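Each residue of the sequence shown is one higher than the last, beginning at 1 in full-length UniProt numbering.
Hints were generated in silico from the structure; no laboratory data involved.
What you are looking at is a predicted structure, and each value in this text was computed from that prediction instead of being measured.
A hint or two may mislead.
The calculated label-pair distances, taken between Cβ atoms and stated as ranges, are [as the list claims (entries may be wrong)]: (1) Lys-256 <-> Ala-627: 41 to 49 Å; (2) Lys-637 <-> Thr-216: 26 to 34 Å; (3) Asp-145 <-> Asn-546: 24 to 32 Å.
Subject to a maximum C-alpha distance of 27 Å in a straight line, what follows is the list of computed DSS-like cross-link-like pairs (lysine-lysine) [claimed, not checked]: (4) Lys-583 <-> Lys-556; (5) Lys-256 <-> Lys-324; (6) Lys-586 <-> Lys-556; (7) Lys-370 <-> Lys-232; (8) Lys-83 <-> Lys-148; (9) Lys-324 <-> Lys-232; (10) Lys-148 <-> Lys-337; (11) Lys-15 <-> Lys-64; (12) Lys-84 <-> Lys-148; (13) Lys-637 <-> Lys-324; (14) Lys-228 <-> Lys-315; (15) Lys-228 <-> Lys-337; (16) Lys-586 <-> Lys-567; (17) Lys-84 <-> Lys-205; (18) Lys-228 <-> Lys-205; (19) Lys-564 <-> Lys-586; (20) Lys-64 <-> Lys-556; (21) Lys-64 <-> Lys-3; (22) Lys-84 <-> Lys-586; (23) Lys-582 <-> Lys-567; (24) Lys-324 <-> Lys-255; (25) Lys-626 <-> Lys-637; (26) Lys-370 <-> Lys-324; (27) Lys-228 <-> Lys-324; (28) Lys-575 <-> Lys-384; (29) Lys-370 <-> Lys-228; (30) Lys-205 <-> Lys-232; (31) Lys-583 <-> Lys-567; (32) Lys-567 <-> Lys-384; (33) Lys-556 <-> Lys-567.
Beta carbons are placed, not taken as given, at the ideal position from N, Cα and C, and that holds for glycine.
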Amino acid sequence: MSKTIRLTTAQALLKFLNQQYINIDGVETPYVEGIFHVFGHGNVLGIGEALEADPGHLKSYSGKNEQGMAHAAVAFARQSLRKKIFAVSTSAGPGSANLITAAGTAFANNIPVLFVPADTFATRQPDPVLQQLEHDTSAAFSTNDAFKAVSRYWDRVNRPEQLMSALIRAFEVMTNPATMGPATVCIPQDTEGEVFDYPAEFFNKRVHYINRTVPTQRELDGAVELIKASKKPVLLVGGGCKYSEAGEILQDISKKYNIPLVETHAGKSAVAYTFANNLGGNGILGTSAANKAVLQSDLIIGVGTRYTDFTTSSKTLFNFDQTKFLNINVSRPQAYKFDAFQVIGDAKASLEALLPLLEGYQTEFGDTLKELKEEWEAERDRLKNTTFTRENFDPEIKNHFSQEELNEYADVLDTNLTQTEVFVHLNDFVDEDAIVVGSAGSLPGDMQRLWNPAVENTFHLEYGYSCMGYEIGGAMGIRMSAPEQEVYALVGDGSFLMLHSELISSLQYNKKINIVLFDNSGFGCINNLQMDNGCASQGTEFRDYNNEIMNIDYAKVADGYGAKSYKVESIEELKAAVEDSKKQTKSTLIEIKVLPKTMTDGYDGSWWNVGVAEGSQKPEIQAVSKARAEKLDNAWKY
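Produce the entire structure from the sequences given, and follow the hints as far as they go.
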């Protein structure tokens with residue numbers, strides 16, 4: 001008879017997590033770093049007791065908001081290039097529901113996180129228990145069924161012995177490059193505390209090998225044929241390049257054959273911007289250089305990308321009459337997009353195999369890449385030096401608001417600073433290896449266009465889900481992954497108000513982060529969207545009951561939590577604040593009042609397909625609707 005170990009389900013969970021390892025390119029490391037939790041009646045006496053009894057090497061952190069701490073777990077795994085993960089434990093009911101948004105964020109970005117929400121009673125004897133939902137059609141439903149839509153793997157452990165198969169399957173999914181993403185294992189609160197004689201071998205050291213999938217010879221031959229037949233191919237660098245650590249081979253193949261690199265939001269900083277052929281972000285948030293190269297291209301080589309609408313300008317960025325697609329991806333469904341020739345393989349391994357096979361090939365770009373990059377850098381420098389005047393502000397930046405309206409904001413917020421001048425100067429002032437994180441609002445556009453990473457893997461833009469509130473929890477997770485680097489959460493006032501609870505956790509656990517808060521007193525990005533499409537400004541400006549612009553003192557909020565805060569009113573003060581923040585050992589917040597309508601706008605090929613009221617009686621909206629219909633005539637249909 002095999003040896004057994006008598007444990008509660010929660011104790012067995014932690015013991016198993018302690019024994020999971022990952023092996024990539026022969027390097028073996030523990031896979032599960034620790035567990036985030038907000039204790040409640042559903043998990044404090046189960047997982048809480050297990051953590052007290054024997055956490056092993058797992059680090060334990062108490063979050064302040066379930067969504068916020070889960071964002072930290074997502075960001076930690078992403079910044080760790082998916083080599084390490086956190087588990088996340090919550091109580092039942094609203095505690096579990098608060099994780100749904102973060103689980104969706106992990107799902108959209110293919111980031112492994114183990115969600116372990118508590119559930120109602122497996123026995124159903126005390127039902128309805130506190131925070132339980134009752135469905136007339138089924139007693140098996142609970143809040144946790146909502147995780148099914150946002151999990152790569154989902155299970156419910158109603159009996160202690162079910163934990164074994166559930167965890168084995170969850171870890172297979174989380175360590176498979178083609179299926180990586182969040183796994184949810186729901187454990188009813190009574191089951192957490194039930195004991196079972198687990199087989200001892202269940203807790204043996206288990207190594208999950210991440211093998212680099214290598215393309216077949218047929219795939220390589222087809223890829224070489226397509227590339228050699230093209231005159232102006234473009235390498236579209238997706239997030240898969242970053243996780244594969246393909247930066248060096250991307251530079252080798254680009255330099256040798258003069259193929260430009262353009263970046264998705266997830267792929268940015270897989271290669272430093274200082275590399276000559278890196279033209280920056282593409283698509284809706286793209287640079288003029290990247291988009292112009294794509295518009296000229298006759299072959300898009302998509303490497304590790306899933307072609308989101310922001311990457312493709314809602315499928316209007318490409319000239320489909322001349323452009324073919326070659327997709328390199330570990331995921332077959334992603335490789336099939338745009339009816340492309342599919343190469344199923346790891347980004348780094350696939351490009352390494354292709355490099356020698358293209359010998360003798362050269363694109364026809366010539367000096368065009370250098371010219372495009374110089375043109376964009378001149379535009380970036382113009383934006384850096386564009387300042388606000390109360391008499392006649394630059395019409396290339398002012399959008400929809402009148403001069404009088406901008407002057408009103410300047411008076412109330414007491415600022416003349418534009419968002420773009422602050423942004424580019426901030427890039428100059430932070431350390432080269434500093435990591436920036438963003439997610440929502442107008443800042444992602446400025447990040448994708450204007451931020452020039454000098455070091456690989458220092459740009460962290462969550463734009464797979466564009467989840468407002470990710471930035472600050474995410475910054476904490478990034479700092480935990482990269483404790484020797486400064487981390488800056490670039491956040492608008494709208495996102496800050498949405499969720500900043502983990503600022504307190506960063507102070508509690510001495511995980512220093514820097515929050516740079518751009519305050520334009522409103523949801524500026526969505527205000528632009530509504531006014532760009534013929535609507536009036538409504539519901540997006542932060543105006544009070546007297547219709548007066550609100551001027552909130554965010555520095556005082558940070559002070560109240562115990563962070564070091566700064567109020568910045570000039571570029572000189574910004575530089576001083578950044579320099580002083582580097583000396584601090586605790587989290588900081590730099591508050592900057594900036595004028596609305598002073599973020600970057602779209603460049604060549606930048607267009608976004610959003611829902612427009614086709615039956616509107618407003619002439620401005622009718623015009624937008626007509627233009628949209630004409631644009632869609634040339635878009636990819638499947």
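Structure-based check of each hint:
no.: 1; hint: Lys-256 <-> Ala-627: 41 to 49 Å; in the structure: 42 Å, holds
no.: 2; hint: Lys-637 <-> Thr-216: 26 to 34 Å; in the structure: 30 Å, holds
no.: 3; hint: Asp-145 <-> Asn-546: 24 to 32 Å; in the structure: 45 Å, violated
no.: 4; hint: Lys-583 <-> Lys-556; in the structure: 20 Å, holds
no.: 5; hint: Lys-256 <-> Lys-324; in the structure: 22 Å, holds
no.: 6; hint: Lys-586 <-> Lys-556; in the structure: 16 Å, holds
no.: 7; hint: Lys-370 <-> Lys-232; in the structure: 14 Å, holds
no.: 8; hint: Lys-83 <-> Lys-148; in the structure: 24 Å, holds
no.: 9; hint: Lys-324 <-> Lys-232; in the structure: 11 Å, holds
no.: 10; hint: Lys-148 <-> Lys-337; in the structure: 25 Å, holds
no.: 11; hint: Lys-15 <-> Lys-64; in the structure: 26 Å, holds
no.: 12; hint: Lys-84 <-> Lys-148; in the structure: 23 Å, holds
no.: 13; hint: Lys-637 <-> Lys-324; in the structure: 15 Å, holds
no.: 14; hint: Lys-228 <-> Lys-315; in the structure: 25 Å, holds
no.: 15; hint: Lys-228 <-> Lys-337; in the structure: 21 Å, holds
no.: 16; hint: Lys-586 <-> Lys-567; in the structure: 17 Å, holds
no.: 17; hint: Lys-84 <-> Lys-205; in the structure: 16 Å, holds
no.: 18; hint: Lys-228 <-> Lys-205; in the structure: 48 Å, violated
no.: 19; hint: Lys-564 <-> Lys-586; in the structure: 7 Å, holds
no.: 20; hint: Lys-64 <-> Lys-556; in the structure: 19 Å, holds
no.: 21; hint: Lys-64 <-> Lys-3; in the structure: 41 Å, violated
no.: 22; hint: Lys-84 <-> Lys-586; in the structure: 25 Å, holds
no.: 23; hint: Lys-582 <-> Lys-567; in the structure: 16 Å, holds
no.: 24; hint: Lys-324 <-> Lys-255; in the structure: 22 Å, holds
no.: 25; hint: Lys-626 <-> Lys-637; in the structure: 18 Å, holds
no.: 26; hint: Lys-370 <-> Lys-324; in the structure: 24 Å, holds
no.: 27; hint: Lys-228 <-> Lys-324; in the structure: 13 Å, holds
no.: 28; hint: Lys-575 <-> Lys-384; in the structure: 14 Å, holds
no.: 29; hint: Lys-370 <-> Lys-228; in the structure: 22 Å, holds
no.: 30; hint: Lys-205 <-> Lys-232; in the structure: 50 Å, violated
no.: 31; hint: Lys-583 <-> Lys-567; in the structure: 17 Å, holds
no.: 32; hint: Lys-567 <-> Lys-384; in the structure: 20 Å, holds
no.: 33; hint: Lys-556 <-> Lys-567; in the structure: 10 Å, holds
Of the numbered hints stated above, those contradicted by the structure are hints 3, 18, 21 and 30, listed in ascending order.
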